[in-house]
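> The lines below spell out each chain.
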Amino acid sequence: MRNGFRITFRRLWASVSICRPAAMALVAALMVTSMQAYAIDPMPFTDRAEEVRFQGLLRELRCLQCQNQTLAESDADIARQLRNEVFRMIREGQTNDQIKDFMTARYGDFVLYNPPVKMGTWLLWFGPFVILAGGALALAVHLRKRRVDAAPVTSTARDEEDW
Amino acid sequence: MNMRAFIPLAVFALIGFLLYSGIGKDPSYVPSPLVGKPIPSFSAPALYEPTRIVSSQSLLGTPYLLNVFGSWCPSCRDEHPVLTDYARRGKFKLVGFNWKDETVDAKRWLQQFGDPYAEIFTDLDGRLGLDFGVYGAPETFVIGADGMVLHKHVGPLDAETIEREILPLIAGK
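Taken in sequence, the protein lines are chains A and B. Sequential numbering from 1 applies to the first sequence in our numbering. Sequential numbering from 1 applies to the second sequence in our numbering.
FYI, nobody ran anything at the bench for these hints, they're computed from the structure. Keep in mind that the hints are not guaranteed to be accurate.
Said to hold, decoys possible - When the alpha-carbon atoms are kept at most 30 Å apart in a straight line, the in silico DSS-like pairs for lysine-lysine are as follows: (1) A:100 with B:93; (2) B:37 with A:118; (3) B:25 with A:100.
Unchecked claim - Which stretches of chain B does chain A cover? Using the computed rule of at least three CB atoms under 8 Å from a CB of chain A, they are: (4) 24-32; (5) 119-133.
Glycine included, C-beta positions come from ideal geometry on N, C-alpha and C.
Work out the full structure: start from the sequences and follow the hints.
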């Protein structure tokens with residue numbers, strides 16, 4: 001069974017190696033299409049720095065209609081409108097924080113991909129670390145216990161002990 | 001009895017509680033930061049007479065439902081008979097927020113399905129919708145007589161939701 005799988009895999013790999021140019025062309029084509037997935041309309045940027053700043057902001061803001069896409073990725077009408085709004089505010093000389101405040105005042109913290117640390121988001125930010133610490137503690141306790149167990153038995157009472 | 005035997009049970013209970021508390025909730029619902037605050041100040045042209053201005057000031061005095069709709073929006077058509085029924089029975093004052101629509105289309109839509117709105121204003125380019133945090137029609141805001149946003153509902157309203165979520169908020173106000 002396992003051998004069969006290995007042979008299949010080897011054949012597959014061989015066929016990939018034979019048509020390597022084709023495979024590379026396919027990869028290149030995929031890369032091009034994934035770049036096109038960014039739905040940013042051409043904006044009249046004054047310089048490269050402005051463009052970088054604009055796109056950085058878009059990647060931090062959520063499209064609320066699609067929810068799992070940033071403003072940079074989404075093709076929804078509302079995302080396009082918010083992109084224009086971000087661009088307008090950059091042109092007006094507003095700071096990144098001002099632009100994010102504008103968005104959260106209207107759409108709430110959910111619009112930010114990096115939610116602020118506060119009471120309501122405490123679990124979101126620190127929950128994983130609490131779980132990690134719990135796991136580390138459990139592991140430490142377990143290892144310690146195993147070391148004690150591995151030590152030469154000095155008492156015969158262990159057999160009666162509850163496991 | 002060793003207490004450690006209860007650890008898996010406790011973990012199970014915790015995970016079970018977390019998962020159970022998520023059942024029946026709409027994961028796409030985004031709470032509006034406007035709730036508990038005054039309605040954004042605005043002035044917008046009325047649908048039937050674009051020269052007349054409807055404003056946040058002119059709507060003060062009675063509680064009302066601000067319904068974001070568009071003739072292009074299929075779910076708006078779904079909730080329309082329900083809203084019409086309640087508005088006609090005088091259960092609440094209904095104000096229309098005609099969002100990103102063509103005026104001609106909106107008028108034809110209302111002619112076809114009925115117009116239960118006490119007042120309708122337009123937002124042709126959706127700029128005003130941004131100030132209200134609108135991200136998809138239909139959305140409905142419940143506004144108090146003092147202009148405070150009491151509640152926001154996203155998606156089509158049905159009779160049950162109106163009875164449960166909306167009417168208690170404006171009762172006796």
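> All hints, please: hold or fail.
Hint by hint, here is what the structure shows:
no. : hint            : in the structure
1   : A:100 with B:93 : 34 Å, violated
2   : B:37 with A:118 : 20 Å, holds
3   : B:25 with A:100 : 27 Å, holds
4   : 24-32           : holds (count 4)
5   : 119-133         : holds (count 5)
Comparing the model with each numbered hint stated earlier shows that hint 1 is the single one that does not hold.
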